[in-house]
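Could you put together the complete structure from these sequences and hints?
From first to last, the protein sequence lines are chains A and B. Position 31 (the first sequence) corresponds to 25 in the working numbering; numbering is contiguous. Position 285 (the second sequence) corresponds to 713 in the working numbering; numbering is contiguous.
Because the hints were derived from the structure by calculation, they are not lab data. Every value quoted in this text rests on a predicted model; they were computed, and no experiment measured them. Built from N, CA and C at the ideal position, the CB exists for glycine as well. Certain hints may be false.
[Claimed, not checked] Derived pair list, reagent style EDC-like, types lysine to aspartate or glutamate, alpha-carbon separation capped at 16 Å:
1. K487(B) - E74(A)
2. K452(B) - E140(A)
3. K182(A) - D689(B)
4. K445(B) - E140(A)
5. K654(B) - D668(B)
6. K182(A) - D561(B)
7. K197(A) - E583(B)
8. K445(B) - E146(A)
9. K452(B) - E134(A)
10. K487(B) - E66(A)
11. K741(B) - E727(B)
12. K452(B) - E133(A)
[Stated by the list, open to error] Computed Cβ-Cβ distance ranges for the label pairs, DEER-style:
13. P663(B) - Q151(A): 50 to 60 Å
14. N603(B) - T89(A): 42 to 52 Å
15. M147(A) - T560(B): 26 to 36 Å
16. W29(A) - R630(B): 53 to 63 Å
17. K182(A) - L739(B): 49 to 59 Å
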Amino acid sequence: MTDIYLDSLENKRFRQDSPKPGVLHVETVPTDDEWLLHSTFQEDPEKGCALLFRRYYVNLCNHAIRFVHSKEIAEDIVSEIFASFWQNRVFEQITTSYRAYLYKSIRYRSYNYLKWQLNRTRSLESEDLGVISETLSPEELLQFSELHQRVEMIIQQLPPQCRRAYLLKTVDGKKYDEIASELQIGSKAVEALVSRALARLRKELRDDWFLGGILLCYIQL
Amino acid sequence: MENPVTKRLLFDFFSEKTTVIQRKLIEEWLSSPENQEMYYQYLDEWESKNLQFFPDSDKAMQHYMSQMTGGNTERSVSKSEIKLQKKSRLDRWCYTLIAASVFIAAFVTFKKELMWKSLKSGTGSSSAYVLTDGTRVLLNANSTLWIPRFGFGSESREVELEGEADFDVKHTRSNNRFVVNMGDRYRIEVLGTQFVAYSRARGKRVFLSRGQVKVQLPEGKQVYMKPGNLFASGPNCTFDVTVPDQPQKYTAWKEQLFYFDNTTLSDVSREMRERFDIDVRVSDTVLMERRIGGIYRAEHPDDLLLILSDLLKVEVIQNQDHIELRSQTKQ
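In structure tokens:
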């Protein structure tokens, strides 16, 4: 198996040492980190969870924020996934790598949030966090990446002031009057700018077939 | 075999630098599960190289540890450390167990509180609120209104009601709807208007004072209401829209009034339970069917009990957990 992986890799070393906490991996070699994780999970699941959290928390937050554009929400989503990973003993049930499972769950959840934020037709409460077992089709895998690219593009194409207000509001979670004094405009104007940005997102993404529900059947977290 | 899909190509794809033909190539490559694993691995690597923000992972980690029952607070990593930690774990076992159980209990109990803010009225008194969009809400006693913490007002206005409330909805310039979810898939949609919504165990009710509202029913039906109309849900998704002769009946609570019109004592006791959250029991079946009429002001359960005892000549017996109404023994 590793041979197949290594074919396309630039790095052919098989590293035995464990990933260091807090240090970002410049190069990752398949199977070694997961191997360590696997054996840790067998010995002590709690330790395994901790290790997994250390290893992926920052990266997963960074992935989630691409969809949800809010630091707070991104962290919430990632924490929820980890909480369920422990509480529902997901680690005993998954068949893919931990990494694949985590990224897949984060994407589902972020996508759901995005959809909820733009539609508000369904309540978020109704979703419970079970194990995701469905495998994605290649097309869907790519669509997730393209979705966050699209979100990025829409925001980049906003008029500068509008974009600034939107980012301060959603990404940093600032209050309207804080943003108002920062941009030196009225707080009503800030509100209008932010809602214009959201309206644009909604409109553009709604045209997009992706949010139209192709994935909906898979999203039963 | 030479694999055309390299890490570089995938990185390009993540950064939106690939052509449609390259995309097709990746799509084909992804059809094998091993390659899907690779995809996530490269995605993770790509994220490492393109960080956008730096969450406080130590804090989050501590949080996570306390979430796990029997969690410990070490920053565990290497195998040698794991062995050492086993000893110190016992010492912390007790503390972390307590902390964890408190946290889990809090998490289960307050999950809704994370996403929603709640406005509550006390038992026995109503409370007035003005929402951020200018809508005025008068919550009847023993009622809760849930408002989303994120995005209320700017885009959509959606709240959830448990109990009874009077809404005076502000019409916004952008014409966005105001939605009241009443549970069991009943919802009210309005632009700007005034109405009383009632959502308790007994059923759902909407009384419209002015403007126009649309009530969404569980099975997908919609009912448009005109001013003066009363909507009341019945059993099995049936409903009634009527024009009540005495609309005061549905708004009386706003002035701390009880409106009785040939009302049985059992209904009176139920209304007291709803408004004051007290358990009033009528043991005597004949007494239960006695009817009273009139409008009474009662800010406190005792006010009404006094009226009842005068009017119906009943004895009010205060028990430990409930109040009993009994026919007065004949003298």
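Tested hints:
no.	hint	verdict
1	K487(B) - E74(A)	holds (15 Å)
2	K452(B) - E140(A)	holds (14 Å)
3	K182(A) - D689(B)	violated (48 Å)
4	K445(B) - E140(A)	holds (11 Å)
5	K654(B) - D668(B)	holds (14 Å)
6	K182(A) - D561(B)	holds (11 Å)
7	K197(A) - E583(B)	holds (13 Å)
8	K445(B) - E146(A)	holds (14 Å)
9	K452(B) - E134(A)	holds (13 Å)
10	K487(B) - E66(A)	holds (13 Å)
11	K741(B) - E727(B)	violated (21 Å)
12	K452(B) - E133(A)	holds (9 Å)
13	P663(B) - Q151(A): 50 to 60 Å	holds (53 Å)
14	N603(B) - T89(A): 42 to 52 Å	holds (50 Å)
15	M147(A) - T560(B): 26 to 36 Å	holds (31 Å)
16	W29(A) - R630(B): 53 to 63 Å	holds (60 Å)
17	K182(A) - L739(B): 49 to 59 Å	holds (54 Å)
In terms of the numbered hints stated before, the structure departs from hints 3 and 11, listed from lowest to highest.
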